[in-house]
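K.L.:
Guided by the hints, dock chain A onto chain B, whose structure is given.
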Amino acid sequence: MMKKKIILIAMAALGAACILIALIGIATPATAESPRERFFEVHAKRFEYAPDTIQVNQGDKVTIRLVSEDVSHGLYVDGYEIKTAAHPGAEGTLTFVADKTGRYTFRCTVTCGEFHPYMVGYLNVEPNSRLWIFALLIVGVALCSAVIVLR
Amino acid sequence: MIETKDKLFGIVDLNARFELTKFKPVRAVLKSRWMPLLPILINLFMFVIILLAAFTGGLSAGNYNFGIMIVWILWWVLLMMMLVPGFSRAWCMVCPFPIFSDWAQRTRLFDVKPGKLGGLGLKWPKKLSNMWVMNIAFLVTTFFSGFMTVLPIATFILLGIIIIGAFVIGLIFEKRTFCLYLCPVSGFQGLYSQFATVEVRRKDWEICKNHNPKTCYVGNEKGYGCPWNRTPFDFQKNTYCGMCLECLKTCPYDNMAINLRPPGVDLLVDTKREPRGLDEAWKAFIMLGIAIVFYLAFQGPWGFFKDMVRGVTLPGYLGYIAFHTVFNLLIIPGVFFVFAYLSKRLSGNTEVPLKSVFTNFAYTLIPMGLGVWMGFSVGILLPNGSYILRVLSDPFAWGWNLFGTAQIPWTPVLTGIMGYIQGAILIVFFAFAVGYGWLLAKQIYADVKQAKRGFIPILTFLTLITLVFLWLFVG
Chain B
1 MMKKKIILIA MAALGAACIL IALIGIATPA TAESPRERFF EVHAKRFEYA
51 PDTIQVNQGD KVTIRLVSED VSHGLYVDGY EIKTAAHPGA EGTLTFVADK
101 TGRYTFRCTV TCGEFHPYMV GYLNVEPNSR LWIFALLIVG VALCSAVIVL
151 R
Chain A
152 MIETKDKLFG IVDLNARFEL TKFKPVRAVL KSRWMPLLPI LINLFMFVII
202 LLAAFTGGLS AGNYNFGIMI VWILWWVLLM MMLVPGFSRA WCMVCPFPIF
252 SDWAQRTRLF DVKPGKLGGL GLKWPKKLSN MWVMNIAFLV TTFFSGFMTV
302 LPIATFILLG IIIIGAFVIG LIFEKRTFCL YLCPVSGFQG LYSQFATVEV
352 RRKDWEICKN HNPKTCYVGN EKGYGCPWNR TPFDFQKNTY CGMCLECLKT
402 CPYDNMAINL RPPGVDLLVD TKREPRGLDE AWKAFIMLGI AIVFYLAFQG
452 PWGFFKDMVR GVTLPGYLGY IAFHTVFNLL IIPGVFFVFA YLSKRLSGNT
502 EVPLKSVFTN FAYTLIPMGL GVWMGFSVGI LLPNGSYILR VLSDPFAWGW
552 NLFGTAQIPW TPVLTGIMGY IQGAILIVFF AFAVGYGWLL AKQIYADVKQ
602 AKRGFIPILT FLTLITLVFL WLFVG
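Which chain is which? The protein sequence lines are B and A, in order. Numbering follows the working numbering, in which position 106 of the first sequence is assigned residue number 106; successive positions increment by one, without gaps. Each position in the second sequence, counted from 1, maps to that position plus 151 in the working numbering.
Next up, chain B with everything else stripped away, as it sits in the complex (with noise of 0.2 Å):
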């Protein structure tokens, strides 16, 4: 009985911590290594970019060269709200500070087929605070939940 409670405490008190510690998240900045300049030459053609997922750090200032390697093709990034295009034979170059962390789709901004609202790749701005944030809190929620149908 009495190992029971010990057991049920220690979940409620982890699955506490962790809604606490995502809540903590939300509100604190997230803090990351020191800053470099990073480049990229990101390949497109018809549906996809070649890589197809850019890794940075926050506060890195990134500058993306753009490629088509068929057709005229876009590049947008979800978040940051800045663009570019190449044609065949122009390419497009985007610079910017990676200031925002977490998760940010970038799409395809000229018509290139039937696929084109769906070409898209990803920028990982580490630390991915967003991700932990919301694991924490699923956790969070799933370990209260335990402890409330067990107690």
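It is possible that some hints are incorrect.
[Unchecked claim] Sample of chain A residues with no beta-carbon within 10 Å of chain B, all distances over it, derived: (1) Ile193; (2) Phe251; (3) Ala255.
[Claimed, not checked] Rough simulated footprint, nothing fancy, chain A against chain B, three-plus residues with beta-carbon under 8 Å: (4) 49-60; (5) 76-86; (6) 89-103; (7) 124-131; (8) 139-151.
Keep in mind the hints are simulated off the structure, nothing from the lab. Note that beta-carbon positions come from the ideal geometry of N, C-alpha and C, so glycine has one too.
P.N.:
Chain A only, in chain B's frame:
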């Protein structure tokens, strides 16, 4: 209505109801024969434009096509985010596709013709009177998702097959057999409508018990007997109620009502007439699996998978179909089976069949799946919604500018905070899944101690699957 002492999250009274039809103007409108005929006719007009636009759009890119944008961006998102969770099968109420077979059976659209309906009126086989055919129909339809959601002509063909199918089946089989057991989009609406905040139910059982003949079933001069071949006086679940409103018209005692209710109360219903079943369980698995596959194909960056879905090469396309089928029909149910087995083992109950544990707990995936589809829909609507404004002004891409919005450029909306919106939706529906999971555990197992132990593996599964979707949406 099934009375229950259980409260959701320990606070929400699941017996609470608010009757919308107690307001006389509301009841009068719903009892009029113009309802739902008028919205059906408006909807029919919309679909004529959709079909014309889809046909004339041919093989062009779908993002500037009225048919593609209205069906796959507006309609799909409305269905998943508003219509089903809010208003149950309200789409079925206004769906224009069965209007032709209704007309053929009744020989009229507006007034009521008493007596036998036209057509062959055959009965649908009892063995197939469940969701299995719809499960397969929907899964097979999604094999073509890489075409029908992006190519106007493919949308035209799909809608054409559904319209012709509804008409032909209506000529051969009785009433709304197509809607009940064959329509690809009926199954998931039926399943998820169990979570809806609206229901059609009788008010007073005593009135129904003493009322013969049961006009809601057989019809009278005011309306037709339930076109969905149900017994409205005995409704306990939304699953097969198409909300056609005929029972409100045919009840001489105004004993049928439309109620607001807490979300998800049908998940606790398991009666002889409306039992929980493996067909609905598999529907829940399929919907969850399709959400994952669609996410990978439409919102993921992986070009090789998009090429497979688009059928760039035949081996790739066959690989996609094989993966899609195995993943949805075997892998997802298989993983869930392991957790259901652990639940039974941990509960210590040797009496309850494993099949029952598996089937009943699968209903926790209804709120889970609905939340997942809402999150997916947000990811489709926010980046692509602006196309809708454009095609509204120029539905046939003929250079029209009907509402002055034809030149609006593509404008993603709130995509920077999309992950937060999707994460918040996931947590809310995860909470509903957990809340109902616990209530289901208490139904499944003989006593609370067994329920407590048996619930833990299901809670673990729900947590893991939510984390998987979280990773997909924001990871």
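K.L.:
Are the hints correct? Go through all of them and say.
P.N.:
Here's how the hints hold up against the structure:
Even its closest Cβ contact with chain B, about 28 Å, leaves isoleucine 193 of chain A beyond 10 Å, as expected for a residue assigned away from the interface. Its beta-carbon lying about 30 Å from the closest one in chain B, phenylalanine 251 of chain A satisfies the requirement of being farther than 10 Å from that chain. Remark: the non-interface label on alanine 255 of chain A is consistent with the geometry, its nearest Cβ contact in chain B lying 36 Å away (cut-off 10 Å). Check on the segment 49-60 of chain B: 4 of its residues sit with their Cβ under 8 Å from a Cβ of chain A, so the three-residue criterion for coverage holds.
Against chain A, the segment 76-86 of chain B contributes 5 residues with a C-beta closer than 8 Å to a partner C-beta. That satisfies the three-residue criterion, and the hint holds. Coverage of the segment 89-103 of chain B by chain A holds in this model, with 3 residues showing a Cβ closer than 8 Å to a Cβ of that chain against a need of three. Judged by the Cβ-Cβ criterion of 8 Å, the segment 124-131 of chain B is covered by chain A as claimed, because 3 of its residues qualify and three suffice. For the segment 139-151 of chain B, the stated coverage by chain A is satisfied: 8 residues place a CB nearer than 8 Å to a CB of that chain, which reaches the threshold of 3.
Hint compliance for this structure: no hint is broken.
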